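So the sequence lines, in the order shown, correspond to chains A and B.
Its first residue numbered 1, the first sequence is counted upward by one per residue in our numbering.
Its first residue numbered 223, the second sequence is counted upward by one per residue in our numbering.
A portion of the hints provided could be inaccurate.
35 Å max Cα-Cα, derived DSBU-like pairs, lysine-lysine [to be verified]: (1) B:K330 / A:K70; (2) A:K61 / A:K102; (3) A:K38 / A:K141; (4) B:K250 / A:K28; (5) B:K432 / B:K330; (6) B:K330 / A:K28; (7) A:K91 / B:K330; (8) B:K330 / A:K172.
Hints were generated in silico from the structure; no laboratory data involved.
Predicted model only: the values in this text are computed from it and were never measured.
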Amino acid sequence: MNEILEQIAICVESGKINNASPFPPQMKGQDGADELTKQALDSGITAGEILQGGLMIGMEKVGVKFRENKVFVPQVLMSAKAMSAAMEHLKPFFASGEAERKGIFIIGTVEGDLHDIGKNLVAMMVEGNGYEVIDLGTDVKAEKFIEEAEKHPGSVIGLSALLTTTMNNMEKIVKAIKDNDASRKVCIGGAPVNDEFCQRIGADSYNPDPQGVVEFLNSQAS
Amino acid sequence: MGNVNLSNTRHFKFHIEELNISIENIEKLARMGEGMPSYIEFLNKEINSTLLDASIEGGYIILDSDSKNDRIEVEGQVFQMGEAIAKHYTNCSQLAVFVCTAGPEVSKRSMELSQNGDLIEGFLVDILGSVIVEKAMDRIQKTLQEELLKNGLKATNRYSPGYVDWNVGEQQKLFSLLPNQFCNVSLSESSLMSPSKSVSGIIGIGKNAKYKHHVCNDCSSANCIYRNKRIKDPKNAENNCSFQ
Ligand code: B12
Chain A
1 MNEILEQIAI CVESGKINNA SPFPPQMKGQ DGADELTKQA LDSGITAGEI
51 LQGGLMIGME KVGVKFRENK VFVPQVLMSA KAMSAAMEHL KPFFASGEAE
101 RKGIFIIGTV EGDLHDIGKN LVAMMVEGNG YEVIDLGTDV KAEKFIEEAE
151 KHPGSVIGLS ALLTTTMNNM EKIVKAIKDN DASRKVCIGG APVNDEFCQR
201 IGADSYNPDP QGVVEFLNSQ AS
Chain B
223 MGNVNLSNTR HFKFHIEELN ISIENIEKLA RMGEGMPSYI EFLNKEINST
273 LLDASIEGGY IILDSDSKND RIEVEGQVFQ MGEAIAKHYT NCSQLAVFVC
323 TAGPEVSKRS MELSQNGDLI EGFLVDILGS VIVEKAMDRI QKTLQEELLK
373 NGLKATNRYS PGYVDWNVGE QQKLFSLLPN QFCNVSLSES SLMSPSKSVS
423 GIIGIGKNAK YKHHVCNDCS SANCIYRNKR IKDPKNAENN CSFQ
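Sequences are here, hints too, so could you generate the full structure?
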């Protein structure tokens with residue numbers, strides 16, 4: 001594999017944002033995801049190649065480590081920062097259609113619920129794994145999810161809830177989405193949610209962590 | 223068991239500085255991990271600037287109660303909290319129904335930082351908010367305990383709707399016992415409190431009420447950030463988290 005892409009992957013995995021950033025200490029003074037992505041583009045590597053061969057590889061490693069409790073939220077956020085520094089350079093290519101992402105993921109915290117730390121983490125990880133993420137925020141009603149999904153055929157919806165009471169709203173929302181389009185895939189997550197609930201309400205996938213939803217999306221995309 | 227006439231409603235306001243917040247503890251709760259830059263200076267600055275005037279407040283109202291196997295009756299409301307929690311109230315004839323909040327400032331600040339791309343800072347301020355509300359509630363609980371002691375009474379731990387088998391929907395009953403907008407905390411239809419960094423619950427009162435240290439054993443929240451600390455260090459259990 002191309003050496004610079006490998007280095008970008010390492011920067012994302014270890015949370016090395018740019019040259020000036022002191023973290024991680026062993027990479028002090030070296031170029032980070034920011035500079036390396038620019039250099040890669042300048043050397044003729046395409047945005048798609050950088051996404052797939054650099055960012056996604058790094059982000060996947062972080063996701064797996066997070067799932068295995070080898071890293072915790074702050075390190076994931078460092079990686080997300082490194083990823084978004086790189087993304088800044090790539091976004092124009094996605095906007096112009098010159099490079100494509102794997103799919104679209106629409107995420108939001110369900111109606112009646114305002115928690116967003118968990119949802120934001122999922123959004124960052126999914127983006128870093130090559131998807132375009134549309135974040136509808138918190139307290140999102142079924143109609144809003146449906147309206148956005150209709151604009152993006154083939155997109156997958158992700159719902160987050162942190163209280164057992166708002167889990168009930170999740171059920172309502174999944175039903176409304178499926179009534180509108182039975183083939184639309186819906187993933188759910190959040191502290192009180194589990195697999196049994198997922199099956200009962202007819203959602204397509206429950207995952208306790210962001211990496212799980214990435215794997216589900218990948219299985220749909222391939 | 224005759225009930226002592228305790229001053230019925232209490233309201234407290236706190237200044238962030240009097241809560242003795244340990245910044246090291248916030249980094250620990252956040253699980254900062256090795257080699258991460260230190261955010262101690264950042265957190266100190268937040269505490270001494272943006273959050274200096276945070277509207278931290280809380281209070282309780284003391285009401286007569288009657289507990290059965292898996293429920294407690296109070297003022298015509300029946301809390302169905304399940305046996306695991308209700309058993310702690312068998313020796314109680316009164317309840318302190320409480321709410322406590324870190325105020326809206328801390329969540330606003332956390333969101334502002336995150337939206338600005340300062341993700342770790344935003345996350346740390348979010349945790350700071352959780353610690354503030356728990357610390358403030360510890361203070362209220364301590365004051366209550368001291369007052370009770372003067373009257374020959376004792377208090378149980380605090381328990382909150384949404385923990386163990388107590389459905390979070392029972393927040394509606396709990397709030398119906400409190401004055402409207404008590405401590406500036408409001409409850410939504412979906413039983414979510416606003417500001418976000420708020421806690422609610424009950425404390426049992428009685429001559430033989432028991433305060434238990436190892437309440438984590440009753441709770442199924444395996445990944446609660448407070449859990450290990452409490453099990454490993456029972457002395458710390460007074461730093462209550464209302465999560466029981
Ligand atoms: C810190 C905390 C608090 C703090 C701060 C709350 C806040 N929102 O800011 C304080 C002390 C204020 C608090 C209060 C309360 N809390 Co609280 N709290 C927690 C705690 C310990 C951590 C929450 C957190 O920030 N987690 C970190 C984030 C990153 O995790 P996350 O949001 O779960 O997201 C992860 C996964 O769930 C997943 N995920 C999330 N969304 C999605 C979506 C998709 C599609 C996928 C695939 C995955 C996914 O990925 C994320 C990353 O791994 C949890 C227990 C726990 N371990 O989760 C209880 C918990 C959420 N609280 C709970 C309760 C009950 C309450 C109260 C109602 C108690 C009370 N009566 O006072 C109040 C409610 C507050 C309110 N405003 O109404 C319950 C909720 C369960 C229930 N019964 O409804 C929990 C689960 C604890 C328990 N009993 O097990 N709480």
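Verification of the hints:
{"no.": "1", "hint": "B:K330 / A:K70", "in the structure": "holds, 30 Å"}
{"no.": "2", "hint": "A:K61 / A:K102", "in the structure": "holds, 18 Å"}
{"no.": "3", "hint": "A:K38 / A:K141", "in the structure": "violated, 40 Å"}
{"no.": "4", "hint": "B:K250 / A:K28", "in the structure": "holds, 24 Å"}
{"no.": "5", "hint": "B:K432 / B:K330", "in the structure": "violated, 38 Å"}
{"no.": "6", "hint": "B:K330 / A:K28", "in the structure": "holds, 33 Å"}
{"no.": "7", "hint": "A:K91 / B:K330", "in the structure": "holds, 29 Å"}
{"no.": "8", "hint": "B:K330 / A:K172", "in the structure": "holds, 29 Å"}
The structure shown violates the earlier hints numbered 3, 5.
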